[in-house]
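Number of protein chains: 2
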Amino acid sequence: MSDLSESERTRHRRLREQGRTDREALFEVLRAGFVCHLGVIVDGHPMVVPTVYGFDTGHVYVHGSVASRSLTPASTVCVTITHVDGLVLARSVFEHGVNYRSAMIYGVPRALEGAEKLDALRALTEHAAPGQWEYARQPNRKELAATTILAISLEEASVKVRQGPPDDADDPHDVWAGVLPLAHSWQPPVTDPLATRPVPDHVRNRAGTPF
Amino acid sequence: MSDLSESERTRHRRLREQGRTDREALFEVLRAGFVCHLGVIVDGHPMVVPTVYGFDTGHVYVHGSVASRSLTPASTVCVTITHVDGLVLARSVFEHGVNYRSAMIYGVPRALEGAEKLDALRALTEHAAPGQWEYARQPNRKELAATTILAISLEEASVKVRQGPPDDADDPHDVWAGVLPLAHSWQPPVTDPLATRPVPDHVRNRAGTPF
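From first to last, the protein sequence lines are chains U and F.
Our numbering numbers the first residue of the first sequence as 1 and each following residue consecutively.
Our numbering numbers the first residue of the second sequence as 212 and each following residue consecutively.
It should be emphasised that the hints constitute simulated quantities derived from the structure, not laboratory data.
Treat each hint with caution, since some may be false.
Derived lysine to aspartate or glutamate pairs resembling EDC-like cross-links, with alpha carbons at most 20 angstroms apart [as the list claims (entries may be wrong)]: (1) F/Lys353 with U/Asp168; (2) F/Lys328 with F/Glu354; (3) U/Lys117 with F/Glu306; (4) F/Lys353 with U/Glu95; (5) U/Lys142 with U/Asp119; (6) U/Lys142 with F/Asp379; (7) F/Lys328 with F/Asp379; (8) F/Lys353 with F/Glu327; (9) F/Lys328 with U/Glu95; (10) F/Lys353 with U/Glu116; (11) U/Lys117 with U/Glu134; (12) U/Lys142 with F/Glu306; (13) F/Lys353 with U/Asp171; (14) U/Lys142 with F/Asp381; (15) F/Lys353 with F/Asp378; (16) F/Lys353 with U/Asp167; (17) U/Lys142 with F/Asp378; (18) U/Lys142 with F/Glu327; (19) U/Lys142 with U/Glu116.
Pair ranges (Cβ atoms, derived) [claimed, not checked]: (20) F/Ala356 with U/Arg204: 51 to 61 angstroms; (21) F/Leu329 with U/Thr196: 57 to 67 angstroms; (22) U/Asp201 with F/Pro409: 24 to 34 angstroms; (23) U/Glu24 with F/Ser396: 23 to 33 angstroms; (24) F/Glu239 with U/Ser185: 29 to 39 angstroms.
Ideal Cβ positions, reconstructed from N, Cα and C, are used throughout, including at glycine.
Go ahead and model the full structure; you've got the sequences and the hints to work with.
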């Protein structure tokens, strides 16, 4: 496992003890979700857009309409992925916080074309909706042309993780303290009233599993 | 209910049909979560930081260490709140998507001091952890000084909501289609091994409720 690169941006200035520098930690965060927050600069101002992502060993991929203002950056973007695992209820308000896992990835995005674009779209689809690339109708030429896929290198990334009980056991205020965990799970599929086929196994089997 | 203001930034250029312009929609999104993604420009690049928020009728509040680089902006920031409700599994890959509710708020943040700062910190604490402001130890002078609270006006905001089945019932590819819902719920509290008091009702009663 190689270390995540440490740039001026990703060096952990704050909460250093929460930083994790191994690449496996990054992939754990990437695997655990499918919606990221993409930060771009539009007209001189930051814009943060939630969007679906996929990834492989070298890149994270985001997609959207070719007309979208957030998907035409020629400069650095920030992709942040956050999983909220629970509330940390400490003895003092000051020590209250969140148990979470998050990754921040910085890079200049590259718009993909041709086979690369199709591969990335498949990776993205299979990450969010495993089994659907083969089951659903794959994009035709027109649909592909209407879709932008950006690749952002995973070279410059940082991961932060906070887990466990509150840190203020030495506080004189003698009250209960602990964590209120938050669970995220897939529910039974809801069939489109206009659909005529039964739920396929690859969808049905996901219900009840953690997100 | 007044309309959300429509600025150059918040006018819905894309997916106009998903835009909701009433203020109640904004408050619904604000009430439904407690972690936002704060977008700021640091050294010329966008930086997207997950952080806890609170709000009242006029402002959203975010907080953090006074040393944090993301909490010292003198220019516009973007606060995005996103709730992921499910995966939209369409007949075509192209129509796959996410059922979600999200809000984007743009504003120049103002760092609060004095009574305003304390009020905002209470609003933030009570939003994320109802009941804890009175139960836990409230911040002392030193802790308050170490905390930055930023207020961002809710004047310039947009809300987008996508719910319901896929939109491609007319697609000739005859497969199952529908939604795989995602549920978020509070779990039973996990007591700090070093705590000596029983779980208070305001914490216990939250378990099992949706997030």
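Holds or violated: lysine 353 of chain F to aspartate 171 of chain U, with C-alpha atoms at most 20 angstroms apart: 15 angstroms, holds
Could you grab the alpha-carbon distance between lysine 328 of chain F and glutamate 354 of chain F and see if it respects the 20 angstroms cut-off? Judged against 20 angstroms, a Cα distance of about 12 angstroms means the pair holds.
Determine whether the Cβ-Cβ distance between glutamate 239 of chain F and serine 185 of chain U falls within the hinted range of 29 to 39 angstroms. 23 angstroms, violated
For the range 24 to 34 angstroms, tell me whether the beta carbons of aspartate 201 of chain U and proline 409 of chain F fit it or not. 45 angstroms, violated
Given the proposed pairing of lysine 353 of chain F with glutamate 95 of chain U, does the C-alpha separation stay at or below 20 angstroms? 13 angstroms, holds
Proposed proximity, aspartate 378 of chain F with lysine 142 of chain U (alpha carbon, max 20 angstroms): Within the cut-off at roughly 17 angstroms; holds.
Tell me if the straight-line CA distance from lysine 328 of chain F to glutamate 95 of chain U falls inside 20 angstroms. 17 angstroms, holds
Is the distance from the Cβ of leucine 329 of chain F to the Cβ of threonine 196 of chain U consistent with 57 to 67 angstroms? Cβ of leucine 329 of chain F to Cβ of threonine 196 of chain U: about 60 angstroms, so the range 57 to 67 angstroms holds.
So if I understand the rule, the pair passes when the alpha-carbon distance is 20 angstroms or less; does lysine 328 of chain F with aspartate 379 of chain F pass? 50 angstroms, violated
Taking only the CA atoms, is the gap from lysine 142 of chain U to aspartate 379 of chain F under or equal to 20 angstroms? 16 angstroms, holds
Has the given pair, lysine 142 of chain U with glutamate 116 of chain U, been kept, meaning a C-alpha gap of at most 20 angstroms? 17 angstroms, holds
Taking 20 angstroms as the top limit, are the C-alpha atoms of lysine 117 of chain U and glutamate 134 of chain U close enough? 17 angstroms, holds
When the structure is compared with the earlier hints, violations turn up for hints 7, 10, 15, 18, 22, 24 and for no others.
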